[in-house]
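Put the complex together from the two separate chains, hints included.
So the protein sequences, as listed, match chains A and B. According to the working numbering, the first sequence is numbered sequentially starting from 1. According to the working numbering, the second sequence is numbered sequentially starting from 1.
Don't take each hint at face value.
[As the list claims (entries may be wrong)] Derived pair list, reagent style EDC-like, types lysine to aspartate or glutamate, alpha-carbon separation capped at 20 Å:
#  : chain 1 : residue 1 : chain 2 : residue 2
1  : A       : K341      : B       : E343
2  : A       : K203      : A       : D352
3  : B       : K308      : B       : E57
4  : A       : K341      : B       : D347
5  : B       : K301      : B       : E70
6  : A       : K341      : B       : E365
7  : A       : K203      : A       : E307
8  : A       : K230      : A       : D352
9  : A       : K129      : A       : D189
10 : A       : K230      : A       : E280
11 : A       : K341      : B       : E350
12 : A       : K341      : A       : D352
13 : B       : K301      : B       : E60
14 : A       : K341      : B       : E373
15 : B       : K308      : B       : E70
Just so you know, these hints were derived from the structure itself, not from any lab.
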Amino acid sequence: MTTMAQKPQSQAAGPVPAPELTGVQTITFAKALTLAMSDAMTADTSVLVFGEDVGTLGGVFRVTDGLTRQFGEERCFDTPLAESGIIGMATGMALNGMKPVVEMQFDAFAYPAFEQITSHVAKMGNRTKGRVRLPLVIRIPYAGGIGGVEHHCDSSEAYYVHTPGLTVLTPSTVTDAYIMLRDAIVSQDPVIFLEPKKLYFAKDTVDLDALRARYAPAATAAAAETSIGKAVVARQGTDATLIAYGPSVAAALAAAETAAAEGRSLQVVDVRSLVPFDDETVAAAVRSTGRAVVIAEAPGFASMASEIVARLQERCFHSLAAPILRVTGFDIPYPAPRLEKYYLPGVDRILDTVDELQWEDS
Amino acid sequence: MTNHPEFLEYTGNAGRAEGYLLPSATPVQLIDQDGTPATAGGYKENYSLPDAAVLLEGYERLVVGRRVNEQANALVRQGRMAVYPSSTGQEACQVAADMCLRSSDWLFPTYRDTVAILGRGVAPLEVFESLRGDWHSGFDPHQYNTALPTTPLATQLLHAVGVAHAAKLRGENTVVLALCGDGASSEGDFHEALNFAAVFHVPVVFLIQNNQYAISVPLIHQSVAPSLAHKAVGYGMPGERVDGNDLAALLAVLGHAVNRARNGGGPALVEAHTYRMESHTNADDATRYRNAEEVAQWVPKDPLRRLKTYLDDAGLLSAADSERFAAAAETLAATLRDGLNTETSPDPAELFRYVYSEPTPQLREQSQLLAAELAAGSANLEGALR
Ligand SMILES: Cc1ncc(C[n+]2csc(CCOP(=O)(O)OP(=O)(O)O)c2C)c(N)n1
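Just chain B, with the same shape it has in the complex (with noise of 0.2 Å):
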């Protein structure tokens, strides 16, 4: 645990351990919401503005984002779309969390992070497909290095942990994001996987998305902490906050933590400060438990307008380039809309086949049934859904 350098740095210096470890007193910000450089928060001066070019293809993949979560929501009203837990408002971390990454490392996503999944190049039929309904998950996580986006909350925490630390054992220079909400925090396997993380030491970041609500309960009601990065400390890891609506602060918060871990310096807990714009899903009524108000205050902070603001005011953003982020997202909103209004049908006889490597004997028998029923056109099943 002792064995990284920065670690071994401040504890040698009386005092300054906690310092290390404690998060900036306020959320790191580099383009503050009028779109202008502000000045590094906190004591790691070490944050400085990503470059143009990155900060060009952070923007690009915003607009991208943003355009997803809106095809998506009106592939629900249409029908097309079972449910879908939109991250709008949310998007720069989500692009921030890729965007470290190299393409062999691996991020851990929850529901709401269709657009960080998209972003780590998973085929886009192949994510709607549980949003359909048709499967549940079903892309091939090795194929992306990109686990399947988890339902119970702050489970797939310490997948994260395990990932990270097989990859340790194998001498991989792999390092593990691992994503969940405020209200995840709660939950006994968040707890456990930092405890874990720190006590193995293994490369792992984790990132909240603090969007202010775990459906209906505000964060008020959810923890008295001083932030939730606070909690890092107690588990012997670093905790940092950062503006989760500037993508240039999570980009050099997040890509510390990230370098830090692939240069053997642990785990590290990053608390991003967002919030959910849209309804937990389109199954909620957000009306009950917040005001308009409160919605209003944060509509000035969107990533998007700020950044772009950022990116206009110096002369970093070529109308070409606008035009060309807007193709590249009207094409992916196409791909979605097109692939989800052509029918398909999933096959039932799927049910049966991957729940063993090998069938039992039960499960042959089940599927025979299915299959003699469908054959017999007595399947239709209209009494089932009663």
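Here chain A stands alone, though its shape is the one from the complex (with noise of 0.2 Å):
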């Protein structure tokens, strides 16, 4: 009866500094999340890594890989095996000072911790009048094309775009990987940083010491300008702006890259920070082309796409050639992985979309 009851032991040896990457290189965007962890808890020793398989095994996609090593068990370590847990003793940790950078394992398995989300987490800043912010990162892979077993590939922001209090953040390229998760840890609000599952092993060259410029306690203005509420333009066009975020940013470009190839000129906007939104590039992007198409993969009914699609609607009606139009989901469970290519939006439905855009010459 004994055996068991002895005080957890620690598994890794003491703290060892990890070899660290410096300069112009190629890494993955999995890699991109682990160096901002990393740098942002030697920035910053409020900030703690914890959830399921974080520690040890570095989190089933190995984004945790080597802080426990790098920073000990006391800054990076696993949790017991539950989700409500784990958000809710980030939440007392956020309110005692620390910035928890916490990880779900799966998107379906945040579902557990919705009530510690969306009742206390994302209101606490509201109920105290502001006199407590809640600084915590809720880090969950979602969404598919990774042929996924059930469960396992949910876009879940729709949840958390529709809770007023939560910022929530997709990520597209390496580079943005890094940037985004920096920029979240740094915030003083509560974070939900979706990151899209088939884009860790996409590979980037990026410059690292210019990225942590960014960061360094010297920084300029200018370059400490946060990703927050930013949307980006990741391809120039004039016939139409293709509107996407996360994992179908993509399919977008590559639909424009054919689309290129047959003589129209599409644009590709990143949005990438889905709360806040910001208005203000999107819509100069679809007044600028007048036709537009929102691209997601989420199921589309009462989703991102629909309230981007309507805020278009009101900022932009009299720009407009045509409605605008969406390329998402079906509205069923994320299906089984020799089926998800019928669901998921490819190069083929965007463009048949974009055919729908009433050209004149059509």
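Pasting the structure below:
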């Protein structure tokens, strides 16, 4: 009866500094996230990382790989298997001066924590009339395209964007993975940080020194400008605007590439910050072309995509040459691996929809 | 809550209520790891070795279960299946779960319980439909009195309580057995399920297959309770610990809990001590969090070898039996191989068919869109997976 009742033991040896990557490097999206956390933990000792399997294993996607080694078990640790417990404890820790960056293992496994997120995390600032800020980051691998089994591919953003008080971010590039996670950690508000799983192993070459310089204590105001609330134009174009975020940006860019070969110039906007939403950049992009298609993986009914369309109709009505259309997931539970290709918004479906934008010549 | 005889008997006896609820000091074992009969541990001397015929049937099921695990692993390696959470080393828990239930009872399994699900008689290819990625789950729970395996941890335990409660209200003589892992015992739903089961005094038995790890997290980081079985006490039901690699002990302990539930004795929690011999799934790398020596310690405790030694020594296992069991295992393996090597193409139209009992107008539209794309040949969706 006694064998189990010992104190939990340390799995890793004491903290050891990780070999530091500097300068221009080709890294994965996952590695950019790891570096964002380790740099933030170095800069601010109140930053903590915890969740299921984030310690010894480094997370099921290895996004927290090495953090326990680098910072010790007090700053990156495994919790018991209980999402409500993780978010609830993070809330208390944030109340007491820490900055938890917690991981939910997969989109659908955050649902047991929904009560904590919607009733407490999102509302703390409001309930205290701003006396309490809740600087915590909830990282959630989300969306599909990886052949995952049931409950591993949900696009759950609508639940979070519908909850006032939460900042909701989703990067689509390696650079943004780094910048946006660091900005999320700096933020004084709770952030839902949605990581498109299918991008984890995407690679890009980035200048780490330049990225880090944004967060140096002496950084200029311009360099330190936050990505929160800022959409970006990912590709210039003149005929129509494709608006996408997270996992769908790649499909939008691929569609624009194909369209270019066929003589049509499509602009692509990466929304990246779902809440706060950058009305200005997105509306300006749509006004510049007069036609728009919104692309997202989540079911389209009552979705982020619906919200974007509504906002654009309000702001750009007089500049529109055609109704704004959507290409989204169907209104069905995310399908099994061998059927997901029929579900995901792909190049063909996007281009077919672009063709419906009431072109004069058609 | 207080309406069953055991409870009254002990509470009438000052100081013994806890004794009745608490698990035995060490996991109950009836056949030790060398295959020799062990004296039953703990206070419940009513645990005795099952009959030879029962042990033989159990051994056959173990042989078949092991073969299923091997075959499924091979099919993953050949790319025929997306993923397989292996239960090699844990088969005895699943076999015992099946054997202590009647076909009219209910089983609530998880993703790792393929062997138990097959043992309930679910058609093999229906079980593997989800593992190969054709559809999420998909068999008819009522046909087999077996719930769909759940992935969100511990959530099924509450459903089990609900089925048991309904059975009680409907006057059915049904017992429900719900499986979960050690990690799942940390989830809120686990605790809510135990409490509901005890408060409503329903015929449900919870079996924790404590295989020592929740993916990478060892039990010591999951719970520092004296044992997981001890958790039962706080909710007012008995807990028991059993050697999860000893089929005889599992049959005795689970059998006792099931009978007790069937006779109106209410819920119980059983913790089986076992080990996950392989990685969590094929996507996992167990060498990151446990070492070879630890795994090696569990090899001699193998549930198949142990029971075989016992049966051999007692002269209960004939060569003909062994051949028959091996043949049954091969037949099932061949069914899986043939089934999974046959190309299927799941029908995209089905995507829309089962979301509502009547498709919404929007779903009809979306299904027409997909049909048109397929007809135009443009739904080969290459870009979709980029
Ligand atoms: C609510 C929820 N959170 C997280 C997960 C991801 N996950 C899948 S299996 C697993 C470990 C489960 O361990 P345990 O309960 O001990 O069962 P075992 O896999 O060992 O059989 C985790 C964390 C999940 N499936 N559900």
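How the hints compare with the structure:
1. K341/A x E343/B: Holds: K341/A and E343/B sit about 17 Å apart, inside 20 Å.
2. K203/A x D352/A: Distance ~30 Å between K203/A and D352/A Cα, so the pair is violated.
3. K308/B x E57/B: The given pair, whose Cα atoms are some 12 Å apart, holds under the 20 Å limit.
4. K341/A x D347/B: With a Cα-Cα distance of about 12 Å, the restraint between K341/A and D347/B holds, given a limit of 20 Å.
5. K301/B x E70/B: The given pair, whose Cα atoms are some 18 Å apart, holds under the 20 Å limit.
6. K341/A x E365/B: It holds: about 18 Å lies between the C-alpha atoms, which stays within 20 Å.
7. K203/A x E307/A: Measuring from Cα to Cα gives roughly 31 Å; hence the hint is violated.
8. K230/A x D352/A: violated (29 Å)
9. K129/A x D189/A: holds (13 Å)
10. K230/A x E280/A: Distance ~9 Å between K230/A and E280/A Cα, so the pair holds.
11. K341/A x E350/B: holds (14 Å)
12. K341/A x D352/A: Roughly 16 Å between the alpha carbons, so the hint for K341/A and D352/A holds.
13. K301/B x E60/B: Status holds; Cα separation ~18 Å.
14. K341/A x E373/B: OK: K341/A and E373/B at ~12 Å, within 20 Å.
15. K308/B x E70/B: Within the cut-off at roughly 19 Å; holds.
The structure shown violates the earlier hints numbered 2, 7, 8.
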